[in-house]
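S.K.: Chains as they are written, first to last, in my numbering: chain A, 1 to 443; chain B, 444 to 757.
In case anyone wonders, no lab produced these hints; they're calculated from the structure. Each hint should be verified, as a subset may be incorrect.
Said to hold, decoys possible - Derived BS3-like pairs: lysine-lysine, alpha-carbon spacing no greater than 27 Å straight-line:
(1) A:152 - A:74
(2) A:130 - A:68
(3) A:182 - A:392
(4) A:193 - B:747
(5) B:607 - A:196
(6) A:199 - B:607
(7) A:281 - B:607
(8) A:392 - A:133
To be verified - Far from chain A, some chain B residues (derived; all Cβ distances over 12 Å):
(9) 473
(10) 570
(11) 583
(12) 643
(13) 688
(14) 703
(15) 718
(16) 738
What the hints assert, rightly or not - What follows is a list of derived Cβ distance ranges for each label pair:
(17) B:517 - A:442: 18 to 26 Å
(18) B:534 - A:269: 20 to 28 Å
(19) B:484 - A:77: 22 to 30 Å
All values reported here derive from a predicted model rather than from experimental measurement. Glycine included, each C-beta is placed from N, C-alpha and C at the ideal position.
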Amino acid sequence: MTERSKGSGVFAGRQFNRRDFLKMSGAGLAGAALLGSTACGGGSGGSGDLIFSMGTDTSGTLQPLIDKFNKQSKDFKVQYREMPTDSGAYFDKLRTQFQAGGGDIDVMGADVIWPAQFAANGWILDVTDKFPKSDQSQFLPGPIQSLMYDGKIYGVPWFTDAGLLYYRADLLEKSGYSDPPKTWDELQQMAVKVAKDQKIPNGFVFQGDQYEGGVCNGLEYIWTNGGDVLDPSDASKVVIDSPEAAAGLAVEQGIVEDGVAPQAVATYTETETDPAFLGNKSVFARNWPYMYALAGTKDFPDVKPEQIGVAPLPVTEGNGLVSCLGGWNMLINAQTDMPDEAWEFVAWMTSEQGQRQRALAASLLPTRPALYQDKEIRDTLPVIVQGEEALKNARARPVSPYYSDMSLEMQEQFNGVVKGDTSPEDAVSSLQDSLQQIIEAGQ
Amino acid sequence: MTSSDRENVSSVRSAEKKRRGGWFREEFGNPERRLAYYMILPSLVIILLIAFFPIMYSVVLSFTDSTVTAFGSFVGIENYVEMFQNPDFLVGLLNTVIFTVGSVTLEFVIGLGIALAINRAFRGRGLVRAAVLVPWAFPTVISAVMWRLMCQDQIGIIDVVANKLGIISEPILSDNTLLLISCILIDTWKTTPFMALLLLAGLQTIPGEVYEAARVDGANVMQRFFRITLPLLKGTILVAVLFRTLDAYRVYDLFWVFSGQQLDSLSTFVFTGVRISQLLFAQGNAASVFVFVTSFLIALIFIKVFGMQTSTEE
């Protein structure tokens, strides 16, 4: 009895409160509308500066480059706005700003997987007029491909990245090999033999974790076996359910199953790959170009740069060289008040001179093949000399406005393959369905 | 109409008014109270704006086919139906429930043991109490990274030792069952001190005379524990367990960081849907509403079924 009366008392009290709340929420909404109209004015702030965003620049060379631009620019200045280092968090931040009406960023450094997702929403500027085919041909084809959406181009490639095969040249030589492997079969044989001869715990390590890097690795196995995800001539058609793609994933699975790579590669990202290869624990590794510069540093003193070699990824007999494209492009906000100034800045940063400075100062790989012949760059970045073929043959991940969703599906299936939970055939046929569904849901 | 009539009518009216607007008049008739309302009005408005409005907006979104970029049209409960057909959601739900039940049970049992042990007066009690709290003081993300490193193959001590002893044959971090078990154990390690501290506070409110009287009457240890300690501790236990249950039910950071984003929970499903995917936005919203409503139900069960008291008023 007391229980019940107490209950109803509480209820009655709530009812009053709720009515009260409703009344006030009306006022609150009006207030919000007022706040909104003053706070989100949009445009490029009041300073008249061009705002350029990019993830944290650990090399400390970006600001000096911008200062240099500002020194020679008379009409406007560029202001650098630091963004999260994690590319997912950066993407999230940009997306939130665009959703809220554009934000005040005029030019942004953007991951190669973003352009289609931004372009499909009309958030970034179509620069086809300013960046004609003749100019595009001075850049590597992979990064250009990442910027194409619906036959138009939405930015300029800034610096590039590609999956490379790292090998221990010293160990290979001791076991009687003079050249790195050209095919996956050779890699497996060599890895097993060298690991056994030289008492190294692992033959090969790569990134098999359920994340974006796992997608890059999985795609490389598919591509180096002649498979693909989307039809190159019709991006709305999924073609991953092919014997070639399944064979590619079978190679990836076999490498783990046969013990060439440890089972734990299913949890490896780049962070685990560095200590495994540079800690003298693996003969081969698949990683991005950055790892080369880490060899012999304070964190990884065990393996010196002269002990390692870099080569394009192996392929399966009869297929051309290919690896997964990484890197960053420069895009322009579609809402910017200063499109011409923005273009001037983009053109300056991506020019031969701009890229050259960035390559020398921060070891970032140029997107202009002409620079690969530059003597100073070749001397400073030895990885360019050895990895040149791989960098020139890098292929973009599927270009789609719904790439985030495709990536989630591929991450799951590819990781299942590495773990041995999913057969390569099941993985490609389930991806065929889910990717096709994503494309259709987006139309 | 005579003046007395008029008076009569007006007094009847005012009585009616008082009856109808009694609460209103009582609250706002008094200038002091009125002022109090005016003074809390800004905070009420802010709470409405930042708490009530977003929640309601999520509920509305969950009934539409909205995307990240556009407000969609009304689709009824379609998002909820699709959500319950989505294997990722079901796995997340199952993991969350197992995690919540497992970790809260362990935390409660061990926490109660610790609380009973440090409730006795002994030399260095303050030091022990402080030491017990150390794991709880770590930010969850830090402890998740720390445990992940310890479970890493080849370099992680736990993985190496467990493999040497033959307890497990595969890397901990690549097996979802092992990941879930590890998460339960890590959470137990981390939040048992919190549980112990809350229970200890409750234990200290039980007067010593009760035990003395029981001892005089010949009650043994077990009887004293089950007949005195537990019933008198019930209120504290309910509060502590509810806190932990709701906290565990929302688990996100531990799963996300420790498992390297491999282990799904309800909250990671929401995050993936709303922030990563472009197509699962509506489902992610439906899932967040689901989490909100079910948390509310859990709290309600504690209050109504177990008779938890929400205030000290009798």
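S.K.: Are the hints correct? Go through all of them and say.
M.R.: Going down the list of hints, with the structure as the test:
1. A:152 - A:74: violated (31 Å)
2. A:130 - A:68: holds (23 Å)
3. A:182 - A:392: holds (17 Å)
4. A:193 - B:747: Measuring from Cα to Cα gives roughly 68 Å; hence the hint is violated.
5. B:607 - A:196: This hinted pair holds, its Cα atoms lying about 21 Å apart.
6. A:199 - B:607: holds (19 Å)
7. A:281 - B:607: OK: residue 281 (chain A) and residue 607 (chain B) at ~19 Å, within 27 Å.
8. A:392 - A:133: Between residue 392 (chain A) and residue 133 (chain A) the Cα gap is close to 18 Å, so the pair holds against 27 Å.
9. 473: holds (16 Å)
10. 570: holds (38 Å)
11. 583: Residue 583 (chain B) is indeed farther than 12 Å from all Cβ atoms of chain A, at 18 Å.
12. 643: holds (30 Å)
13. 688: Holds: least Cβ distance 22 Å, greater than 12 Å.
14. 703: violated (6 Å)
15. 718: Non-interface label on residue 718 (chain B) violated, nearest chain A Cβ at 6 Å vs cutoff 12 Å.
16. 738: Since the minimum Cβ distance to chain A is about 18 Å, residue 738 (chain B) lies beyond 12 Å and the statement holds.
17. B:517 - A:442: 18 to 26 Å: holds (21 Å)
18. B:534 - A:269: 20 to 28 Å: holds (22 Å)
19. B:484 - A:77: 22 to 30 Å: violated (45 Å)
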